[in-house]
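Chemist: Model the full structure from these sequences, guided by the hints.
Chains as they are written, first to last, in my numbering: chain A, 1 to 227; chain B, 1 to 194; chain C, 1 to 282.
I should point out that these hints are in silico values taken from the structure, not numbers from a laboratory.
Treat each hint with caution, since some may be false.
[As the list claims (entries may be wrong)] Restricting the straight-line Cα-Cα distance to at most 25 angstroms, the calculated cross-link-like pairs of lysine-lysine (BS3-like) are:
hint : chain 1 : residue 1 : chain 2 : residue 2
1    : B       : K19       : C       : K112
2    : B       : K19       : C       : K193
3    : B       : K19       : C       : K81
4    : C       : K140      : A       : K106
5    : C       : K140      : B       : K164
6    : C       : K81       : B       : K12
7    : A       : K105      : C       : K140
8    : B       : K142      : C       : K112
9    : B       : K164      : A       : K105
10   : B       : K142      : C       : K85
11   : B       : K189      : C       : K221
12   : B       : K12       : C       : K85
13   : A       : K147      : C       : K188
14   : A       : K164      : C       : K161
15   : C       : K221      : B       : K19
16   : C       : K81       : B       : K142
17   : C       : K219      : B       : K189
18   : A       : K147      : C       : K161
19   : B       : K164      : A       : K106
20   : C       : K219      : B       : K144
Below are the chains, spelled out letter by letter.
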Amino acid sequence: MSDKPVIDVKHLYKQFGEGCSYCRNKENKLAGNYCPVCSTVYACRDISFKVYPGEILGIVGESGSGKSSLMKCLYFDLPSSGGEVFLSAYEKGSINVLNESNQIKKKLRDYIFGMIYQNPYDGLRMNISSVGNIAEKCLAAGIMSIKDILSISEGLLKKVSIPKERMREIPKKFSGGMQQRVQIAKALSNNPPILLLDEPMIGCSVEFKDERGVLKYLTRKQAMLLK
Amino acid sequence: MKDNILIMSMQKVFRKLLKSMSQPGVISCVGEAENIDYNFNCLPVSMLLMSALLDAEVKFYVESNENDLKEQISRLTYSTYEKISEADYIFVCMDNHEQLRRIISEAKRGTLSDPHEGATIIIEVENISSDETLILTGPGIKEKAYLSVPLSSSWIEARNDANKEFPMGVDIIFADRNNNMAALPRTTKIERRN
Amino acid sequence: MHDKYNFAFFDEGSKKEIRRTILKAVAIPGYQVPFASREMPVARGWGTGGLQITLVCIGQDDILKVIDQGSDESVNAVSIKKFIKATTGIKETIDTEEATIIQSRHRIPEEKLREDQILVLQVPTPEPLRNFEPSEARTKELHANQDYTGAWLMLFEQIMKYGNISTGADHTVRVNDRYIAVPSPIPKFDNPKMDNSQCLILLGAGREKKIHAIPPYTKVKSIDFEDMPFKVEDFSDKVCHECGSSGVFMDEIINRDGSTIYKCNDTSFCLKQKERGRLNER
Numbered sequence: 001m002s003d004k005p006v007i008d009v010k011h012l013y014k015q016f017g018e019g020c021s022y023c024r025n026k027e028n029k030l031a032g033n034y035c036p037v038c039s040t041v042y043a044c045r046d047i048s049f050k051v052y053p054g055e056i057l058g059i060v061g062e063s064g065s066g067k068s069s070l071m072k073c074l075y076f077d078l079p080s081s082g083g084e085v086f087l088s089a090y091e092k093g094s095i096n097v098l099n100e101s102n103q104i105k106k107k108l109r110d111y112i113f114g115m116i117y118q119n120p121y122d123g124l125r126m127n128i129s130s131v132g133n134i135a136e137k138c139l140a141a142g143i144m145s146i147k148d149i150l151s152i153s154e155g156l157l158k159k160v161s162i163p164k165e166r167m168r169e170i171p172k173k174f175s176g177g178m179q180q181r182v183q184i185a186k187a188l189s190n191n192p193p194i195l196l197l198d199e200p201m202i203g204c205s206v207e208f209k210d211e212r213g214v215l216k217y218l219t220r221k222q223a224m225l226l227k
Numbered sequence: 001m002k003d004n005i006l007i008m009s010m011q012k013v014f015r016k017l018l019k020s021m022s023q024p025g026v027i028s029c030v031g032e033a034e035n036i037d038y039n040f041n042c043l044p045v046s047m048l049l050m051s052a053l054l055d056a057e058v059k060f061y062v063e064s065n066e067n068d069l070k071e072q073i074s075r076l077t078y079s080t081y082e083k084i085s086e087a088d089y090i091f092v093c094m095d096n097h098e099q100l101r102r103i104i105s106e107a108k109r110g111t112l113s114d115p116h117e118g119a120t121i122i123i124e125v126e127n128i129s130s131d132e133t134l135i136l137t138g139p140g141i142k143e144k145a146y147l148s149v150p151l152s153s154s155w156i157e158a159r160n161d162a163n164k165e166f167p168m169g170v171d172i173i174f175a176d177r178n179n180n181m182a183a184l185p186r187t188t189k190i191e192r193r194n
Numbered sequence: 001m002h003d004k005y006n007f008a009f010f011d012e013g014s015k016k017e018i019r020r021t022i023l024k025a026v027a028i029p030g031y032q033v034p035f036a037s038r039e040m041p042v043a044r045g046w047g048t049g050g051l052q053i054t055l056v057c058i059g060q061d062d063i064l065k066v067i068d069q070g071s072d073e074s075v076n077a078v079s080i081k082k083f084i085k086a087t088t089g090i091k092e093t094i095d096t097e098e099a100t101i102i103q104s105r106h107r108i109p110e111e112k113l114r115e116d117q118i119l120v121l122q123v124p125t126p127e128p129l130r131n132f133e134p135s136e137a138r139t140k141e142l143h144a145n146q147d148y149t150g151a152w153l154m155l156f157e158q159i160m161k162y163g164n165i166s167t168g169a170d171h172t173v174r175v176n177d178r179y180i181a182v183p184s185p186i187p188k189f190d191n192p193k194m195d196n197s198q199c200l201i202l203l204g205a206g207r208e209k210k211i212h213a214i215p216p217y218t219k220v221k222s223i224d225f226e227d228m229p230f231k232v233e234d235f236s237d238k239v240c241h242e243c244g245s246s247g248v249f250m251d252e253i254i255n256r257d258g259s260t261i262y263k264c265n266d267t268s269f270c271l272k273q274k275e276r277g278r279l280n281e282r
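Modeler: Next comes the structure, spelled out in structure tokens:
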């Protein structure tokens, strides 16, 4: 009740192209997702939502409907074209993070977000050990003690059922499902208030029936956006 | 002027500038300036610095009452005259100090990726000394160093503002009538005494 | 003697560019300033970066010392010295105290350097993040944003592999609390000499075309972890069998009979100590 939303998105949009007077008017219809007048593509157009602690927001849509673009905009992988995003963990949700400097955005990625990509190659460094992958996120979140990094990493790898003996191996040698589990461990290592999942379970049907398998790793304080 | 003598003078001027830049507060005496014969409308030390550093690869700006100075510089160095915000090397001659604040604030500061593109500003003054008007700290300085230049202090604020986002910033060189030289790289912290 | 060439080999235009580069490097400690590397009669990868710096700095009154892995007499050191002498006519020395410019590969001399000296170090790979990020464009961005997690990550991987910090040489440093830089491939043992040094240190990479600098009295910290601090090799219990010194960087020599002896790596330092020892005996 007094809980603020962990993430509050207001009228977010992402366009590829200049836009024109026709398509900038939200009332006007597009042809699919592009403007019939100027051919500007709107990956996201006027997206608004709030997610509270402990909630899971599922984002569904057809292929090409902009789900990935939305995720990328939230994680700052792509620059947004407009709108506002407020995070309760940053300045008590008073500042639109989309306009903040790259330095700040990077800090937000390191401290507030966890991201699990559809393709583990996007979220992991394949030539760094599994424990190293998790260490990278710990380091970015300011943890500078080997003992702490190891204890966090070992704990998380155990949680996702990766045996300790394999933690020094590089993810390149793992199966797709195992790679995804390393990604999950990595995403959770900074205990982020917000977890983003970009269809991470494709190819993991053996280990997890579906994304809800990840739920068991989350605390009640965390929110999850699920594509 | 004999080529060889000029070449040796350039090397000496550069070494002294390097000393002053790497140890802010150290005032170098450019005795070589006494030997050159020139008829430039600026201080001998400035002219030596131009000769040692400028060429066709860089752009310069000069603030001077002498109209033909910028031609002289171009002819000597093949460097091109540019506006303040595009110049790599900026010369502010004696008697033009009211422009100093504006010039420093307009000079380019480089970018986060290419901070070395920040301008170098050479300022001619009457006299440089080690009086304790300015207290200097930072890389190159063992604890503290002192410097005094006869300028009204508004330049300090402009300079500190230009350097507020390290590594971007400008680097300053002072040259005086007695052939002395001192440098303030952007890393130096300046405090006014009193 | 130097009639064939311009003084110090380069034409004045080349000198100017390197001078400008050096000055900016000094103004931004630890930052790699790009420059256009010149053709040199020394193969790339054999110290052309250091050589270019030395040639631009050197003047008639300088006294030059060149060492390679601590030795004044190695082939590399000798050919560099020969070339510089041929194009400048300046005086050479093996005495560290007497030298005003010291060009070196792989070592910082044992004797403490002074404000009136310049140390020029040869750097094969100036980018400390290169193993972590192969793209030059990306590493530029990382430096711009102080995004240095990669440097610690590589150290972490090393610790995972070997159990402790095992960099023998080229242990990454942080300069003036800002830029992450390579100290050049000097042994860990020499890293502390860079911190708050009295002399100016210039580092040149000819192949990569970068110069970076560490002004005197500048903070240089070797990167480490809270619970695994940086430590140098300990030679306090080793004794040089020629001059009797301890606590300096040693070469380990294994004799035919299997016994191990130690000798100072800094050959001119060793000679000096031997001389001092001989004088004391009289």
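Chemist: To test your reading of the hints: which numbers does this structure violate?
Modeler: Numbers 10 and 16 - these are the hints that the structure violates, sorted from lowest upward.
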